[in-house]
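Produce the entire structure from the sequences given, and follow the hints as far as they go.
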Amino acid sequence: MTDNALTPHEEDEALAAEVALGLLDGAEAQDAVARLSQDPQFAQLVRDWQERLAGLADDLTPVMAPARARQGIRERLGHAQAPLARDPNERSSWWRGPWGALLGTLAVAATVAVLWLPGQQPVTGPGYQAELVAQDMALRVAAQVYGRQMQFLMQSGGAAEGRDLEIWWIEPDGTPPISMGVLPRGGDMRMTLPDGMEPSDRIRIALSDEPAGGSPTGQATGPVVAIAELTRL
Amino acid sequence: MTQARLTELEQLISRVAIGDRTAFDALYDATSAKLHAVCLSVLKDRPEAEETLQEVYIRVWQSAARYASNGLSPMTWLITIARNRAIDRLRSRSARPATAPEDAAATVPSSEPSPETATILAQERRMLHECLAQLGGPQAGAVRAVYLEGVTYADLAAREGMPINTVRSWLRRSLLRLKDCVTQ
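Same order as they appear, the protein sequences are chains A and B.
Using my numbering, the first residue of the first sequence is number -8, and each one after it goes up by one.
Using my numbering, the first residue of the second sequence is number 920, and each one after it goes up by one.
Some hints here could point you the wrong way.
What the hints assert, rightly or not - Derived CB-CB ranges, DEER-like: (1) A/R154 with B/R1092: 42 to 52 Å; (2) B/A1052 with A/P163: 46 to 56 Å; (3) B/A1073 with A/P207: 36 to 46 Å; (4) B/G1056 with A/T222: 19 to 29 Å; (5) A/D3 with B/A984: 24 to 34 Å; (6) A/P167 with B/P1082: 35 to 45 Å; (7) B/E1079 with A/Q126: 46 to 56 Å; (8) A/R195 with B/Q922: 27 to 37 Å; (9) A/R139 with B/A984: 26 to 36 Å; (10) B/R1092 with A/P163: 17 to 27 Å; (11) B/N1084 with A/Q126: 54 to 64 Å; (12) B/D1099 with A/T222: 47 to 57 Å; (13) B/K963 with A/R139: 40 to 50 Å.
Since the hints were derived computationally from the structure, they do not count as laboratory data.
All C-beta atoms in this analysis are idealised placements derived from N, C-alpha and C, irrespective of residue type, glycine included.
Right under this line is the structure:
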């Protein structure tokens, strides 16, 4: 479509915005995409729109994905085997050299640190905890932070049938709560805190009652059943 | 976002480009919650957003080598990939064929100097929100719905009860006004 009231320059700008937004259809879309590789100035206009419009995503509250998403990516890229997909007795040769042995030792040390430190008193670094308790559901969940590792331990109770409990991270400044994902049914959960989520004793952690799979909108839709501040260990 | 963080993300992407899995993990830690929110905003469905998020990071792994030359800031590049994959999936749901947005612009080499500095980016972001406020409720709402929810001209036309061409002229003019305001 050409809008007669637009100058050729405005027409290009509007078209670039439409390409960046994905608003074009059919032949018009094909022509515009073909033009990207032939007309560097037009491609730059599209990139400028992509840069400008990406600021709209600032309004979105970050929502942590469940850990299985990362596992899925690793498996699909061949970076990791599915748990127990590999015979532990099978020997591969990469770790047999001196570097491999050293890396292996470091990897074991790192794994041991990650797996064992959280369950005990912290050896180094600040630690925090929160006890999330909902009386009517007999629910008790312990949240613990060591460095940038955070874990949730289900101690009693759980979500109602067909429902899930979603975990929220609440900053003191009134910004919308950040979803940390859904508490696995009957299981514990561990995660690395992303940049921008800095544990302190002003952070509150909440659990809300949500439809199975968690809030469909990314904001809490169900009642908050438990809330507690992080306290320094 | 600070300049240090901007540089950190750029360095992570350049390490991912040469197959560094540790950098890929760190990039995922730093950015996946935001990209997941983008997918959820478009798809409004948890399992689909989670599946799309996986596709997004697979694409990031595969195309990181081409990132350095495209001139986009790192979060824009990542958000654009997430948004495009999510809209692709959204549109494949409906029987009505609609063309998914293209990553093509992000793969065409740029002659422009490198991504903008954090200061300029931060200033433009502030301007964007001010300018959207100046644009007026319905126009700003339409721009947001198109970007954050993948709404099409046909959807807008149905929503506003106007012919598609009228809606299109109206949105194009809104976008031009937005651009003039942000870059003034």
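Hint by hint, here is what the structure shows:
no.: 1; hint: A/R154 with B/R1092: 42 to 52 Å; result: holds, 46 Å
no.: 2; hint: B/A1052 with A/P163: 46 to 56 Å; result: violated, 26 Å
no.: 3; hint: B/A1073 with A/P207: 36 to 46 Å; result: violated, 24 Å
no.: 4; hint: B/G1056 with A/T222: 19 to 29 Å; result: violated, 43 Å
no.: 5; hint: A/D3 with B/A984: 24 to 34 Å; result: holds, 30 Å
no.: 6; hint: A/P167 with B/P1082: 35 to 45 Å; result: holds, 37 Å
no.: 7; hint: B/E1079 with A/Q126: 46 to 56 Å; result: holds, 49 Å
no.: 8; hint: A/R195 with B/Q922: 27 to 37 Å; result: holds, 31 Å
no.: 9; hint: A/R139 with B/A984: 26 to 36 Å; result: holds, 29 Å
no.: 10; hint: B/R1092 with A/P163: 17 to 27 Å; result: violated, 42 Å
no.: 11; hint: B/N1084 with A/Q126: 54 to 64 Å; result: holds, 59 Å
no.: 12; hint: B/D1099 with A/T222: 47 to 57 Å; result: holds, 51 Å
no.: 13; hint: B/K963 with A/R139: 40 to 50 Å; result: violated, 30 Å
In this structure, the earlier hints numbered 2, 3, 4, 10, 13 are contradicted, and the remaining ones agree with it.
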